[in-house]
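> One-letter residues, chain by chain:
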Amino acid sequence: MDEKITKDEVRRVAGLARLELSEAEEDRMTGQMNQILGYMDKLNELDTAGISPMTHAIQIENVFRRDCVTPSLDRQDSLANSPETDGCNFVVPKVI
Amino acid sequence: MEIYSLSMHEIHDLLASRRAGAVEVVSAFLGRIESVDPKVNSYISTLADAALEEARLFDNGKKDFAASPLAGVPLAIKDVICIKGTRTTCGSRILENFIPPYDGTVTTKLRDAGAIFIGKTNMDEFAMGSSTENSAFGPTRNPWDLDRVPGGSSGGSAAAVAAGLCAGSLGTDTGGSIRQPASFCGVVGLKPTYGRVSRFGLVAFASSLDQIGPITRDVEDAALLLQAIAGYDRRDSTSVDLPVPDYRAALSEPIRGLRLGIPKEYFIEGTSPEVLAAVRRAIDTCRGLGARIVDVSLPHTEYGIAAYYIVAPAEASSNLARYDGVKYGLRAGGAKDLMEMYRRSRSQGFGPEVKRRIMLGTYVLSAGYYEAYYKKASQVRNLIRRDFQEAFEKCDALLAPVAPIPAFKIGEKSDDPLQMYLSDVFTLPASLAGIPGMSVPCGFTSDNLPVGLQILGPHFSEELILRVAHQFEQATMPEIGGRKTEILSRLA
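Quick note, the sequences are listed as chains A and B, same order.
Sequential numbering of the first sequence, starting at 1, is according to this note's numbering.
Sequential numbering of the second sequence, starting at 1, is according to this note's numbering.
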């Protein structure tokens, strides 16, 4: 089985996913992802030319509602689970 | 007969006829949880005070048992469904302290029907797993053999029902997470058609696949519970606005003349001979009940695993991007900037399987790989849907195994993610196609492990599959029902 993903790529994907992996985790992840992605090659046995991709389990039509103001979650309730707030906003570490 | 060994409808009969009070019933389950759950670990949280308070409202006459068939009945809810003011962890460290500010729609519906919530059940973290070993709160054990897994991801819900720790429960099924644990624990599980039950207030894993459904002691209970939670909800745009039939009324009709299809791809080498034997006996039973057994083919079955393990992680990687340590959930300390805070919080908060799926999902959606993986898998998903469509032109419903093996040992597959994924082979296709599926107990292995019969039907055919399941259950009651009661006394 040829290598599907290198350790460098695992590191790049972890960056995209906002994950920090230890050296040991990177090694394990590289091995496991190669094994799993290798298995996915099975799909190439099928000719899917002209088959439309299916993204919903059932026929779904767009749902519209009237654009009007209705009560929603209270501000204090919205903030209640936050690790850090100033009472009316979420507080985060320095962005720039 | 102990209260904890009764089904939901039997308990409701007791309550409605005043042969037991609601406090008595709730206390029976709470006592049972206290003595048995340390062995099983089916609950992440129990809600003793709130449940007793609710029960007193019935006993004081402020609430009426006649209001609904669920009034006063103690239920367990998988810890991925929001109950307002009650910790909802999803089996994850990242949500260890999350208190939802609102009820999920199913929660509201059950509350309105008078059901009493007695606890939140254990699960694989974010419903990702087939064994309930991926919980940050420790694995759940199978009541039939405490060294074995209960299946997953709704392993806590299935084990709680099997062990008499609740009258019935809700699970969720994305790729088999209701049907497979129901099969492993010898209880009834029903995954409704995608869109039948609102997902509002269900913490999202893979939004095009997730569906909430009942896990119960018998088929009648599954019908009652589905009745209470089904229906359109304007807060879930994928819920479908179709009338909800009377599911219980559909149960009693015989299955004589129904065409039941046997998909040959579900009877393959690699499946445990004991599982195959139990399912074949079940097919004979259905034939004996007058059903016509027809051979059918679902030719793309073997591609279901690869398609699912691309589509579901892709959706998960996107859904789980919300865990950023800002609005809720764990935030890691000591980060020098926002990006580092994101990375550290997510890395500390998520367990290995969740990280693996986020990585897989991010990879298959990333530039250069999208066509080869995600698009290809979505096309194959369409082929799998067409397989079912064509099969249902030749038969009314399908009979098959739920899983190729009975409950496996704790730790047996946890180091090999691909092996774990492969064990989902018979449940994934129905999830991809969005059709409803059930697991109903159909036999036992020589080690006394339960085996489930999977019944699949076309979209919105819950009445039909419940009816097949009920008629089968009635025909096999003496043998299977007896064993289910036996296991309860063995645990005490």
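Honestly, the hints are just simulated from the structure, not real lab data.
Be a bit skeptical, because a hint or two may be false.
[Stated by the list, open to error] Straight-line Cα separation of at most 30 Å, DSSO-like style, residue types lysine-lysine; simulated pairs:
hint, chain 1, residue 1, chain 2, residue 2
1, B, 84, A, 42
2, B, 84, B, 109
3, B, 39, A, 7
4, B, 84, B, 264
5, A, 42, B, 264
6, A, 7, B, 62
7, B, 62, B, 264
8, B, 336, B, 409
9, A, 42, B, 413
10, B, 394, B, 264
11, A, 4, B, 109
12, B, 409, A, 42
13, A, 4, B, 375
14, B, 264, B, 39
15, B, 109, B, 264
16, A, 94, B, 375
17, B, 62, B, 109
18, A, 94, B, 409
19, A, 42, A, 4
20, B, 375, B, 264
21, A, 7, B, 413
22, B, 39, B, 336
23, B, 109, B, 63
24, B, 62, B, 39
25, B, 327, B, 84
26, B, 394, A, 42
27, B, 84, B, 63
28, A, 94, A, 42
Keep in mind the model is a prediction, meaning the values are calculated, not measured.
> Do the alpha carbons of residue 409 of chain B and residue 42 of chain A lie within 30 Å of each other, as the hint requires?
29 Å, holds
> Within 30 Å, alpha carbon to alpha carbon, are residue 39 of chain B and residue 7 of chain A?
41 Å, violated
> Tell me if the straight-line CA distance from residue 84 of chain B to residue 63 of chain B falls inside 30 Å.
Since the Cα atoms of residue 84 of chain B and residue 63 of chain B sit roughly 20 Å apart, the hinted pair holds (cutoff 30 Å).
> For residue 4 of chain A and residue 109 of chain B, compute the direct alpha-carbon distance and say whether it is at most 30 Å.
47 Å, violated
> Regarding the pair residue 84 of chain B and residue 264 of chain B, is the alpha-carbon distance no greater than 30 Å?
Not OK: residue 84 of chain B and residue 264 of chain B at ~46 Å, beyond 30 Å, violated.
> Given the hint that residue 264 of chain B pairs with residue 39 of chain B, test it: the Cα-Cα distance must not exceed 30 Å.
39 Å, violated
> Does residue 4 of chain A sit within 30 Å of residue 42 of chain A, going by the straight-line distance between their CA atoms?
14 Å, holds
> Take the C-alpha atoms of residue 42 of chain A and residue 264 of chain B, compute the straight-line distance between them, and say whether it is at most 30 Å.
Holds. Residue 42 of chain A to residue 264 of chain B sits at ~20 Å (cutoff 30 Å).
> Compare the distance between the alpha carbons of residue 62 of chain B and residue 109 of chain B with 30 Å, and conclude whether the hinted pair is satisfied.
19 Å, holds
> Below or equal to 30 Å on CA atoms is what counts here, so check residue 394 of chain B against residue 264 of chain B.
Distance of about 14 Å is within 30 Å: holds.
> Hinted pair, alpha-carbon criterion (30 Å max): residue 39 of chain B, residue 336 of chain B. Please report holds or violated.
Distance ~44 Å between residue 39 of chain B and residue 336 of chain B Cα, so the pair is violated.
> For a C-alpha distance cap of 30 Å, please report whether residue 109 of chain B and residue 63 of chain B respect it.
Given that 30 Å is the threshold and the Cα spacing comes to 16 Å, the pair holds.
When held up to the earlier numbered hints, the structure conflicts with 1, 3, 4, 6, 7, 8, 11, 14, 15, 16, 18, 22, 24 and 28 and fits the remainder.
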